[in-house]
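Student: Top line first, the protein sequences correspond to chains H and Y. Position 166 of the first sequence, counted from 1, bears residue number 1388 in the working numbering, the numbering being contiguous throughout. Position 90 of the second sequence, counted from 1, bears residue number 1511 in the working numbering, the numbering being contiguous throughout.
Be aware that one or more of the hints could be misleading.
Below, a sample of chain Y positions facing chain H; criterion: calculated Cβ distance under 8 Å [unchecked claim]:
id : residue
1  : D1424
2  : L1431
3  : A1436
4  : G1466
5  : M1486
6  : F1488
7  : V1524
Label-pair ranges, simulated between beta-carbon atoms [claimed, not checked]:
id : chain 1 : residue 1 : chain 2 : residue 2 : range
8  : Y       : E1464     : H       : L1508     : 48 to 54 Å
9  : Y       : I1467     : H       : A1235     : 44 to 50 Å
10 : H       : A1240     : Y       : I1514     : 31 to 37 Å
In case anyone wonders, no lab produced these hints; they're calculated from the structure. Owing to the predicted nature of the structure, the values given are computational and were not obtained by experimental measurement. Heads up, the beta-carbon is just placed ideally off N, CA and C, and yes, glycines get one too.
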Amino acid sequence: MLETFIIPLLQIAVLLNAVLVAVTFMVLMERKVMAWAQARLGPMRVGPHGILQAIVDPIKLILKEDITPVAADKWVFTVAPIMSLVPALVVFSVVPFGPDPLYYVADINVGLLFIVAVTSIGVYGIILGGWSSNSKYPLLASLRASAQLISYEIAVTMTLVSVILTSGTLSLVGIVEAQREAGVWFGFIQPVAFVLVFIGGLAETNRVPFDLPEAETELTGGFHTEYSGMRFALFFLAEYANIIVISAIVAIMFLGGWMRPFPNVEALAFLDLIPPWIWLIGKIFLFLYVFIWIRATLPRYRYDQLMRLGWKVLIPIAIGNLVITGIVKVLV
Amino acid sequence: MLDAYIPVFLFILVALGFAIFTLMVAGLVHPRRYNRVKLQPYECGIEPLTDARDRYSVRYYLVAMLFVIFDVETVFMFPWAVIMDELALFGLIEMLVFLFILVVGYVYAWRKGALDWT
Chain H
1223 MLETFIIPLL QIAVLLNAVL VAVTFMVLME RKVMAWAQAR LGPMRVGPHG ILQAIVDPIK
1283 LILKEDITPV AADKWVFTVA PIMSLVPALV VFSVVPFGPD PLYYVADINV GLLFIVAVTS
1343 IGVYGIILGG WSSNSKYPLL ASLRASAQLI SYEIAVTMTL VSVILTSGTL SLVGIVEAQR
1403 EAGVWFGFIQ PVAFVLVFIG GLAETNRVPF DLPEAETELT GGFHTEYSGM RFALFFLAEY
1463 ANIIVISAIV AIMFLGGWMR PFPNVEALAF LDLIPPWIWL IGKIFLFLYV FIWIRATLPR
1523 YRYDQLMRLG WKVLIPIAIG NLVITGIVKV LV
Chain Y
1422 MLDAYIPVFL FILVALGFAI FTLMVAGLVH PRRYNRVKLQ PYECGIEPLT DARDRYSVRY
1482 YLVAMLFVIF DVETVFMFPW AVIMDELALF GLIEMLVFLF ILVVGYVYAW RKGALDWT
């Protein structure tokens, strides 16, 4: 009873809170970094340097009027944000923040496949949200979003296969342990896969330069144009939770997860004084920063360029990378 | 074996509960001052004349079909990649044959222009 239910529930409570707090602070971080990149100050009013903005924003969203347009499909309109948020949160159940069971909710032997499968369910939320709104911009945006997500998913999934070849396991704990045994982060063994998964991650989370589904200048706001109040907030949470998930996956697969740099160099053992979960969270925030940095730097792709990049560039590279990894694995 | 999934199911329940709970709490406290114009679909201030669910580009269907084909084939590679150590050369050749067939289909789709958006 204690082992099967109470401890996991406590872990889930801690993890869920951590994710929600991380999302609110990532929004603040995004506004701040964007502001600095554009030589502005960003939010400064609420608390010192706008720190409390992260707490005020969710309260504001709860207190906002929640509108269901008359033309909308009422039930689907409400279910869509839930369908978008739940998968984005559930993925965290297999993300290991450290080596022993205390640090992860579940270590299932098909962890990576689980992540690929569950994150794909989020697409339904987007499609249903755009469709049920019965408004032109959200419908267009949801079509764009779903086509983009499934296009990049092929390249990302195929790239993951080459990482599994290197690690020999689908369990995320196993992948980190394999990096300890290899003595080097997979980012150095699989640099092509690293870059591919990161680019794919940008596209999967609808971030700049692949943010066509929410291109404000042409679609007013994307698939959630008709959403307001808490239902909008759920979509918003899902989006940022997905960004954190992608950052966590990339950090675990290519940057050694919870391990310190150079895990096999004894001279650096003093770095182990920092607990493992801080290492992983630090790496996650490094990627979050890069996501924001890219948003501040790059312009948006055109839709045909986006599709060409996904289908004609990333997929051939992914297949080539897979074949080379397989051959090297057998011959060396 | 299946025990490992109990926490995952718990997580699904908690996440669902969280989403529904926040929606209900917000439903209790948010203001309701609706009027006809506010409840209209957003269309930059123009009265929407037609239903939004119109016909859209056939390319989206094409992308969806290609996705199904390629994604299913990619999922076939997962088990192969896990037990690659035991299969060794035999497994590699088998997979190269499989990938070759996949690439033939891919080249066919490319030549037919299925991958072009414009």
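Student: Hint by hint, say whether it matches the structure.
Tutor: Hints and how they fare:
no.	hint	result
1	D1424	holds, 7 Å
2	L1431	holds, 5 Å
3	A1436	holds, 4 Å
4	G1466	violated, 11 Å
5	M1486	violated, 10 Å
6	F1488	holds, 4 Å
7	V1524	holds, 7 Å
8	Y/E1464 / H/L1508: 48 to 54 Å	violated, 42 Å
9	Y/I1467 / H/A1235: 44 to 50 Å	holds, 47 Å
10	H/A1240 / Y/I1514: 31 to 37 Å	violated, 46 Å
Comparing the model with each numbered hint stated earlier shows that hints 4, 5, 8 and 10 do not hold.
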